[in-house]
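As they're listed, the protein sequences go chains A and G.
Counting along the first sequence from 1, when you hit position 1 you're at 52 in my numbering, and nothing is skipped either side.
Counting along the second sequence from 1, when you hit position 137 you're at 512 in my numbering, and nothing is skipped either side.
If you're looking for bench data, these hints aren't it; they were derived computationally from the structure.
Check each hint, because a few of them may be wrong.
Derived BS3-like pairs (lysine-lysine); straight-line CA-CA distance at most 27 Å [to be verified]: (1) G/Lys678 - G/Lys580; (2) A/Lys111 - A/Lys75; (3) G/Lys580 - G/Lys692; (4) A/Lys88 - G/Lys438; (5) A/Lys71 - G/Lys403; (6) G/Lys694 - G/Lys652; (7) G/Lys403 - A/Lys88; (8) G/Lys438 - A/Lys84.
Chain A regions said to be covered by chain G (calculated; three or more residues, Cβ under 8 Å) [unchecked claim]: (9) 64-76; (10) 100-109.
Cβ-Cβ distance ranges computed for the label pairs, FRET-style [unchecked claim]: (11) G/Pro713 - A/Val77: 27 to 35 Å; (12) A/Arg106 - G/Ala466: 24 to 32 Å; (13) A/Lys75 - G/Asp734: 49 to 57 Å; (14) A/Val77 - G/Pro479: 38 to 46 Å; (15) A/Arg106 - G/Val494: 53 to 61 Å; (16) A/Val77 - G/Trp721: 51 to 59 Å.
From a predicted model like this one, the values you see are computed outputs, not experimental measurements.
Every residue gets a Cβ at the ideal spot worked out from N, C-alpha and C, and that includes glycine.
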Amino acid sequence: MVLIKPLFDDLERVKLNFLKTCEKLVAAGRLEKEEFKDIEVLLDQMEEYEDQEFRSELGKISKGLSDFLDWE
Amino acid sequence: MSSTNKLLTLDIPMDLDAERQILGILIKYPAQVDRVIDRLRPAHFYDLAHRRIYEIILDLYNKQGRISYTQIYSRLRNDPITDSPAELLIALTESFVALSELEPSVAILLHKEGVRRLVKASETIKELALDPNQHDLEEIQARAQEIIFAATQKQNVYGEEAKSLLEVLNKCYLNLLQRREGLAGSYGLSVRYPSLDGMTTGFKKKDLIILAARPSMGKTALALNMAVNVAKRDIPVLIFSLEMDDEQVGDRIVLGELFSYKRDGEYAVTSYEYQTKLSDEQFRLTQQVFSELYHLSISIVDKRGLTIPEIKAKARKFKAEHPDLGLVVIDYLQLIKPPAESNRSWTLIVGEMVRELRDLAGELDVPIILLSQLNRGVESRENKRPMLSDLRDSGNIEEFADVVMFLYREDYYYPELAKESGTEGLVEIIFAKQRKGPTGTVQLRFMKEYTRFIEEYPS
Chain A
52 MVLIKPLFDD LERVKLNFLK TCEKLVAAGR LEKEEFKDIE VLLDQMEEYE
102 DQEFRSELGK ISKGLSDFLD WE
Chain G
376 MSSTNKLLTL DIPMDLDAER QILGILIKYP AQVDRVIDRL RPAHFYDLAH
426 RRIYEIILDL YNKQGRISYT QIYSRLRNDP ITDSPAELLI ALTESFVALS
476 ELEPSVAILL HKEGVRRLVK ASETIKELAL DPNQHDLEEI QARAQEIIFA
526 ATQKQNVYGE EAKSLLEVLN KCYLNLLQRR EGLAGSYGLS VRYPSLDGMT
576 TGFKKKDLII LAARPSMGKT ALALNMAVNV AKRDIPVLIF SLEMDDEQVG
626 DRIVLGELFS YKRDGEYAVT SYEYQTKLSD EQFRLTQQVF SELYHLSISI
676 VDKRGLTIPE IKAKARKFKA EHPDLGLVVI DYLQLIKPPA ESNRSWTLIV
726 GEMVRELRDL AGELDVPIIL LSQLNRGVES RENKRPMLSD LRDSGNIEEF
776 ADVVMFLYRE DYYYPELAKE SGTEGLVEII FAKQRKGPTG TVQLRFMKEY
826 TRFIEEYPS
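Model the full structure from these sequences, guided by the hints.
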């Protein structure tokens, strides 16, 4: 528990930073608003997916964004 | 440095770290929302963005029980309260503290917000007092008391803490034992009219009692008679007389007592004699009545055009000086000055005024008897006995009343019939509503000349 809770904060920080980056991509016209909304939903449910599954779901939303991330 | 300048240099009471810690904990441990929801309001957060996040947390928790940074981020993204929701939320994730920090942080927020309210109240009072358009000192004082009272009230979100049934039943059982043993205070406030006390088992503390009738039925007389009967047992009574001045009230009280003195079967002092010229013997007798009344703890506020805040302020002050205050009488509702600049309907305004007086009864922990006029609608019917619907025409008075009493005199409307049926001089006291007792009618005899009600015993 002691270990998990700080990790929770780290993970949430990563998600927020990721969303911040996505927002910049939307502003730059590199990501659609609809795609951004789907990403928000997907990130919110992230804990329900295995890594590969999540990557695949993200790829369905935005191929470019999925490739952009290094999941290994 | 002057004290004013010293005050200006002080920081506004707040603790942003404590605010962040509470939000961080609630997002991470949503179940903890239940522990704070009844004490912590959004206004306890000084930072407006923090306040908004707390509102979102409560909303998410109520709707789905689940809270996440991503959901809050989604809500905040289109909210003008912040330009950078991600940074704001990241700051929360960085203020990680143990769950045990929740209570101390909540205590800090409650304290800071309480102090902020006091500071704000003092600023408002200063503005009010220095406003060149405010001329009436008493009105300023009454308003200032209202402001301070509101600022020092505990601000629970969902009212009082829930009481366990055990706690409630303990109180009920104690009351039951006291009643069984006939201990004083186990019933409500007796007004020493057995038929009235029998209906009400005494007026209960915190109750608002409406005493309503058409003019000339004897509302003021009955209220004063009850007030004197209460005060004779060394229980302080406060009377707001918005129609009659203090001397008129005083004379009525004296007359009400004079009726009991008789000589050779005749009244020793008639109302006419009292108000014109008395013989030496009559004068000595009247002096005796005065001496009996001098010690009664009755206080009279006879200012016309009082507002509800003024009545509340005066009643609170009286209660502070007389903690054993037993009864408040207000004569009468329609003469209370309504709030200025209100575009609401008369019905709503009256309803609001009555509600405030009921709250005052609760706050002071005493029964309040509020006299009320009835409109002419009563007289357009063949049966002129007032009904609850007669009150509805003048606002939702009935809704906020714990007891509604109407007065009806048959000899006023049908003198011949009253003479034939032997109801001359009798007044029906109609209990149209009693939250804690039965409804029904009792009768008292009204000695109009002495403005005195007496118990009517069957011959």
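Sort out which numbered hints this structure fails and list those numbers smallest first.
Going through the list in order, the structure violates hints 6, 10 and 11 and respects the others.
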